[in-house]
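Residue numbers (this note's numbering), protein chains in the order written: chain A, 279 to 676; chain B, 279 to 676; chain C, 279 to 676; chain D, 279 to 676.
If you are wondering where the hints come from, they were derived from the structure by calculation, not from laboratory data. Please read all numbers here as calculations on a predicted model, not as lab measurements. Be aware that a few hints might be false.
Any copy, or any two copies together, can satisfy a pair, since identical chains are not distinguished.
To be verified - Calculated cross-link-like contacts (lysine to any residue; reagent style SDA-like; alpha-carbon spacing at most 25 angstroms):
id	residue 1	residue 2
1	Lys494	Gly382
2	Lys379	Ala410
3	Lys379	Pro514
4	Lys379	Glu495
5	Lys652	Gln551
6	Lys379	Glu360
7	Lys498	Glu360
8	Lys492	Arg534
9	Lys361	Asn501
10	Lys379	Glu402
11	Lys492	Gly598
12	Lys594	Gly313
There are 4 protein chains.
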Amino acid sequence: MSLNFGRDLLAIPGPSIIPDRVLAAMHKPSPNIYGGPLIDLTISLYPDLKTVARTSGEVAIYISNGHGVWEAALRNTVNPEEKVLVLATGFFAERWGGVGKSFGIDVEIIDFGARRDAAPQQLEDRLRQDKAGQIKAVLVVQADTASSVKNDIPALREAIDRAGHDAMFMVDCIASLACDQFEMDKWGADVMVAGCQKGLMTPAGLAFVFFNDKAKEARKHTNPGMYWDWVSRTEPEVYYQRFCGTAPTHHLFGLREALDILVHEEGVEAAWQRHERLAAAVWAALDRWSSAGNLEPNIAAPSNRTVAVTTVNTKKGDAGRIRDWCEHQAGLTLGIALGFPLEEANDHFRIGHMGHLNPPMLLGALGTIDAALKALGIDHGEGAVEAASSVVAGHKSV
Amino acid sequence: MSLNFGRDLLAIPGPSIIPDRVLAAMHKPSPNIYGGPLIDLTISLYPDLKTVARTSGEVAIYISNGHGVWEAALRNTVNPEEKVLVLATGFFAERWGGVGKSFGIDVEIIDFGARRDAAPQQLEDRLRQDKAGQIKAVLVVQADTASSVKNDIPALREAIDRAGHDAMFMVDCIASLACDQFEMDKWGADVMVAGCQKGLMTPAGLAFVFFNDKAKEARKHTNPGMYWDWVSRTEPEVYYQRFCGTAPTHHLFGLREALDILVHEEGVEAAWQRHERLAAAVWAALDRWSSAGNLEPNIAAPSNRTVAVTTVNTKKGDAGRIRDWCEHQAGLTLGIALGFPLEEANDHFRIGHMGHLNPPMLLGALGTIDAALKALGIDHGEGAVEAASSVVAGHKSV
Amino acid sequence: MSLNFGRDLLAIPGPSIIPDRVLAAMHKPSPNIYGGPLIDLTISLYPDLKTVARTSGEVAIYISNGHGVWEAALRNTVNPEEKVLVLATGFFAERWGGVGKSFGIDVEIIDFGARRDAAPQQLEDRLRQDKAGQIKAVLVVQADTASSVKNDIPALREAIDRAGHDAMFMVDCIASLACDQFEMDKWGADVMVAGCQKGLMTPAGLAFVFFNDKAKEARKHTNPGMYWDWVSRTEPEVYYQRFCGTAPTHHLFGLREALDILVHEEGVEAAWQRHERLAAAVWAALDRWSSAGNLEPNIAAPSNRTVAVTTVNTKKGDAGRIRDWCEHQAGLTLGIALGFPLEEANDHFRIGHMGHLNPPMLLGALGTIDAALKALGIDHGEGAVEAASSVVAGHKSV
Amino acid sequence: MSLNFGRDLLAIPGPSIIPDRVLAAMHKPSPNIYGGPLIDLTISLYPDLKTVARTSGEVAIYISNGHGVWEAALRNTVNPEEKVLVLATGFFAERWGGVGKSFGIDVEIIDFGARRDAAPQQLEDRLRQDKAGQIKAVLVVQADTASSVKNDIPALREAIDRAGHDAMFMVDCIASLACDQFEMDKWGADVMVAGCQKGLMTPAGLAFVFFNDKAKEARKHTNPGMYWDWVSRTEPEVYYQRFCGTAPTHHLFGLREALDILVHEEGVEAAWQRHERLAAAVWAALDRWSSAGNLEPNIAAPSNRTVAVTTVNTKKGDAGRIRDWCEHQAGLTLGIALGFPLEEANDHFRIGHMGHLNPPMLLGALGTIDAALKALGIDHGEGAVEAASSVVAGHKSV
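Please model the complete structure; the sequences and the hints are all you need to start from.
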C-alpha cells in the first residue's frame, strides 16, 4: 500500500522547490525583446542580485548552468597554461578545476577529502611557496553540495592575505547563495559564481558571475570569446548584449519574482537566519537518529556544515533503501550520493534544505525519513523529529 | 523571526489542497459548449462519480456548493409542510435541516450534541412512534466537519429497517466522500449529497446529488423548480440541461483530472485506506500530546471519528494561539472552531487530513503543531510526531 | 491540408475568451475560507460589480449560471401563481419565463419573434389593460444571444411609466453586461441578472442578481428558500452567508482580476465604446459579404443589434459548412444557431464579439470567415475585411 | 481611444508565440535530476530533433541562445587562426562570423548586401581560388531574420561540390527550422545550428548544434573547452554530461510538448506547407499594399524569401508609425528594423509568421496592419487582406 497520493516533496540539494509564484510568473506569453517592459524588468535584476551577493561589484547573467559560469569565470580571468589552485573538499571544486583543465589551464589541487573543510594554513603554506606568483587564482566552493561541507571563506581570504599573495580568490556559491551567509565584498572574494536553481528558487537555466575591480583588471589580459565575455554583458551598448543574443525571457520573469520574495519580502539576512534555524533542526534530528550507531552526518562539526544540504552516511545499502521507501511509499525525494566511490552509492543520502522552505516542509521531510527508518527496521535513536520541532520552536538545538 | 517562507500548507477541513495537476487542467482557454470535446469529457464524469459513491443510481451535478445540494436534495424529494427528521451531531445536519425549514419543511431534530455519534436506537424508537408515516426522510451527515464525529451509516440504516419505516435515508457525505468508506447502495442510502472541494480535490463550485429509484419515485410528487430539478440534469434531451444552462467549463476540466487521480490511478478503496492510515497517525500524535492533560480529541472513540478531519479541544485560548503561531511563524493553516459556543472560539482547532495528502504533508502539519506547542509553552506529552511516523511506517497505532 | 496549428480562436457568444491574467489568477492553491485575504478580496468585488451595472443598489453573487439567477431573481420577487409578462425576442426571455413557470408562476408572453426588438407600444398597451395590477413584473433581455437583437431598455421603461403600471422591470444582461451600454439606475431597471462568463471575462460558474429598493420591498412578500435568498447574501452576519456556504474560491480570484482589467484599467465606458467600434467593424464586413445575396444579418437595423454578438443567416446549409471549415481548417470556432427551428440548424451562425477582444482577434475572425467563403465557393461581396479594418481605423462605418 | 483590450498578438520574428500547452507543460514543480522520468523525457528529445532537422547525425542540446551555439559550432570544428568564409546576406551570418573572430578565427566575408541571397557562383569562384584549402568552413544562414532573405542551401552545397573544396558547410537555421524546408543530410550540411524559440515554439533558453561525421572528424583537431564540447553531450557516460551540469528542467518539459505538437501531431512536412501557405498569404497582402508605392517587400523575389518572416520597407518613418499604432491601439507587436543603418530604424518593419500560427492569427495581424495604414493615412493598394484570405482559402496567390 502506497501513501504517495499527495503533493510530492523534493528535498534534493537543487534544483530546489520553485515557489508557485515563480512558476506563475513564467506562465506568460513571449514578450517583445526589442522594447517594452522586458527591458526594465531585466535592468531591475542587477541591483537585487548584488544585494544578495553583498557586493557593489558587477554581475553578468548567463543563459547556462553552473558549469557554464565556472567556465565563464575562468575564461575571463585566467589564460590557458596559467595556473590555478583548487581547494578540493568533496566534488565540485575539483570539477571546476576540470573545466579549467579542459581549455588548457594548469590546475593544481589540494585535496582535503570529502569530510572536512579546506584548511587555511595549508593554503597559506602553498601560496608562500609560490614566490614567482604563478598561481593566478584560488578556487573554492563555499558549500560542497556533495559532501555538505562549508568552507570558511573569510579564513581562507585571510590565509591569502597573510601569505601576501596576489592570486584572485574565486568562490563558488552555487549551492549556498542566499542560504549560507556570504559577504562578497567584506570577505574579499574577487569572483563569485552562482546559479538560479537553488537558493534563488528559479528553474535551472540561468547562472551568474559576480566580479570586482581586480577581476576586471585580469580580464584585460584574457580572451574569453564572445559568449562568455562578461564585458559586453555588463557594459552593453544595446540590450541584447546583456545575454549575448536572445534574452532568456521566461527565466527573467521567474527570477524577478524570486528576487521579489527574497530581497524585497523576506530580506537576505532573514533568509540566512531561516536557513540556519531549519538546518539546525535537521541536525538535531540527525543527532538523535545517529545515537543508535547506524547513521551519521558526513561532516562532524556543525560549524563546518552548510545550511543548504546535509549529507548522511548509513550502513551498507541503507541509504538506498531509505530513498526508495521515501520516494515510492511517501512522495519524498531525497538526494543521492554524489562524490563518493561508486560502490558506496547506496550508503549516503542527502537532505536538501535550501530555498523555498518552511517548517511544514522541513518537518514533513524529517518525519517521513523517521517513518522510513521505522518501516525498514533500521535502528535509530528516538525523539528525532521532536528534537527538530524543538529547534523550529526556537529552543536551543541539542 | 518568521520561518514562513516556503509553500503554505493548508490543513483545514475543506477546501482541501488542490493537486497541481487539477489546477493545471483548469488553466485552459474557454471551450466551445455546444460541441467538441467538452461533451465527451462531461459524460465521462458520471460513471466515475458513481464509482466513488459506490452506487448504480443517478448523479446530478450542480453548479453550487454544499448548501445548494442540501436544498436540491430536499426540493426533489420532500414537499413544504412535510416532515423530515434530522439527526444532529455537531453542526451540519442541523444546518441542512435549516435549509429545509427555509422553504417550509417541518424539521424535527434529535440532537446528539457535538461529541458523540447518532444513536441508532433513538432513531429506531422515534420512527416506531411515527405510525402515520409522517416522517418523509431521515437526514444525517456521515462526517460532521465541525465536531469530526463519524456517524455509523449502516447501523442507522438498520435502525430504519428494524422500525419498518418507509422514510428516505438521506446522507450528507460532503466532508467524507472519498475519505471515509461509504457504500451508497450496499448501505441503503436513498439520497447522498457531496461537494467537489474536499475528498474530490477540486476548487469549490460543484456539488452533487446521488439518488436511487426510491428517491426518483419521491420526485414524482414534488416540484423543485427548474434549477434544482434533477430530472433534466440526469435525463437531458440536450447537453445544456445537464447544468440547467451554461456548463461550468473549467470546473469540469478540473474534476475530470481529479477523478483520473482518484478513480483511475489510486482507486477509491486505496484512498479510503490511505485516509485511515493517515488519520490513525494524527490520532497517535494526539494521544501522546493529550497525555499531559492540555489537549484532547473532541470525539473520544477512534471508531467514531471521521478519517477526514480531527477536532482538538484545548485549554482556554490555547487553540487560538496554536493556530496563530502555525500560520504566521510557520505557514501552516489549521481549521477554526465551528459549531461550538462563540466564547469557545479559541478553545478548539481542527486538523484537516482529507484528499490530496501524503506523509510529508501530514507529518509536516503534525511536526509544526508540535513546534507550536513547544514555542508556546503548552505542556504536552512527548513522542507525538514519532508515534505518527510509526503509524505511517505501517506499525500498529498505539 | 489543415492550417489549424496555432492558438484556437473562440468567437462564440459566451463563454468568451478568458484573459490569460484571469486564468493565471485562478491557478492558485486553495485559500483559507474562514479568515485571511479572501475575505477582503470578496468584499472588494461588490462596489466594482455595481460600477459595471451603474447602480447604487445591491448585488448578490451566486455560485450558479444564468439559469440560476433567473430563478433567484424570480424567487425573491414573485410568488407562485402571480403573473409576469415576458417580452420574447428570440430565445432567452422565453426561457426565463420557463424557469418561472417551473415553480408555478403565471407567465404571459408577448412574442416579437426572432428578428426584431420588443415594441414599447405593445408593452404599454398590455400594461394599460392590466387594471388590476396582476402583472408583477416585466421580463426582458437586453441582448438576446440567439437572435442578437438588442432591446431598447429606456424605451421599455418609459412604456411602463407611461402606462402608470407598478410592475417591476427585470432585465437580463447576461449577454450584454460590460458590452452594450446599460444604466441600471438611470434607466430604471429594478432587477438585473448577469453572469461572469461573457463581458465579465471569467470562466462560467458565477452569476449575479442586482436589485433596488423596490425589489427589496417585493422580497418581503416572498420565500425564495435559503440558497436563492438574496437577503443573507447581501446583509450577511458572517462571511459564508455571502455564498450560502462554501465560497467559490477560485472564481473569486478570477473575477477580481477581470474586474481589475474592466473597471480599473480600461473603464466601463471605454469598454462599451470598444465594443461599439468592433461590432461596427463586424457589421461593415457583413454588409459587404451580404451584397451578393447569400448572407444577411438576422437583425436588419444596426441600432437594434447588440454589440456583443451578431447572428448571420445564410442559404441552406452554408452556415454549417462555414463553421466546420473555420473550426477544422483554421482554428476558429463560431457560434451555432440557437432559437431557430431545428431544420435551420445549419442556416445560421453567430459571431461572438464580447469581452476580451481587440483588433487582431476580431479581424482574424473576420478574415477567416472570408477565407471560408472563398474556400467553399459561397459567393460574397468583396472588400469585407477591409471595410472592417476601416472601421477599426476609426473611419466611419459604411 | 485604444482598442487594445484583448489578447496581445506577437508577430515578431522570434521569440514566437508559445503554445498554451507548452507553457502549461513548464508550469511544474522541479523534478529530480538524478533519476526518474526526466531522464527518459530527455532521451526522447533527440530522435525528434533529428526528425525536424532531417538528419541521422548527432544533436547536442545547449543551455544557451543562438549566439551560444554559433560559438559552440565553431569551437568544435575550427581552431583559432584558421579561416572561415561567411556568406553575408543581411545581419546574422556576419554576426556569426563575429563570434568566430572573438576567439581568433580568421573570418573572411563575402557580402551580398541585405536584399538578395548568396550567389552560388561567387562561392564557387572563391573556393576555387583557395587551392591551399585554407578555408575550413563556409558559414551561411538559411533565413536571415533581419532581411528575410532565404538562401538556397542546396545550390550553395552544389557550388562547394563543384569547386571540389573540402570546407565544412555550416548552416544557421535558427530562424527557419521547422518553417522553411530544410534537409540536413540530403542537402549536405555538415553542421547546423538552431534555437528553440522560433519554429520550435519553446521559450528562449535552449539551442542546438546538429553535426555529421565530417564535423565529428574536425572535432578531433579542436579543443572547444568543456561547456561547448559536443562530445560529452552526445556520448555521455552519465546523464548530467548531456548538459555539462544541471539539466534545464523546465525547458525540457516545454520542448517535449512542442515536439509532440510539431513532430507527432502536425508532422514536419505539414508544418513546412502550412508556413508556405501562410507566408504566401502575407505576400499576397503585401503585393496589394505595395501597389500604391509606399511599401515594398525587402526581398523582391518570393522564391528568395523565407516563409518565417517578411521584412517590409516603407517611406521615411512610416514603419515606426505603423508599429506604434499596431502596438498601442490594437495590441499587435511587429518586429523592428534590424541590420539596416540606424537612421532607417523607422523605415522597415518585420512581420513574424513562424511557429504556432493559424489563419485567425495571421489574418488578424494583416487586418490590423491594414487598419494602421488606414488610420495613419498611408496610401496603399486595396484588397490586401482579402488577397491573403484567398490564399488561405487555398486559391493560388496572386
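Hints, one by one, checked against the model:
{"no.": "1", "hint": "Lys494 / Gly382", "verdict": "both (21 angstroms within a copy, 21 angstroms between copies)"}
{"no.": "2", "hint": "Lys379 / Ala410", "verdict": "within (21 angstroms within a copy, 33 angstroms between copies)"}
{"no.": "3", "hint": "Lys379 / Pro514", "verdict": "between (30 angstroms within a copy, 19 angstroms between copies)"}
{"no.": "4", "hint": "Lys379 / Glu495", "verdict": "both (22 angstroms within a copy, 22 angstroms between copies)"}
{"no.": "5", "hint": "Lys652 / Gln551", "verdict": "between (32 angstroms within a copy, 20 angstroms between copies)"}
{"no.": "6", "hint": "Lys379 / Glu360", "verdict": "both (10 angstroms within a copy, 23 angstroms between copies)"}
{"no.": "7", "hint": "Lys498 / Glu360", "verdict": "both (15 angstroms within a copy, 24 angstroms between copies)"}
{"no.": "8", "hint": "Lys492 / Arg534", "verdict": "neither (29 angstroms within a copy, 43 angstroms between copies)"}
{"no.": "9", "hint": "Lys361 / Asn501", "verdict": "both (16 angstroms within a copy, 18 angstroms between copies)"}
{"no.": "10", "hint": "Lys379 / Glu402", "verdict": "within (23 angstroms within a copy, 40 angstroms between copies)"}
{"no.": "11", "hint": "Lys492 / Gly598", "verdict": "neither (46 angstroms within a copy, 44 angstroms between copies)"}
{"no.": "12", "hint": "Lys594 / Gly313", "verdict": "between (58 angstroms within a copy, 21 angstroms between copies)"}
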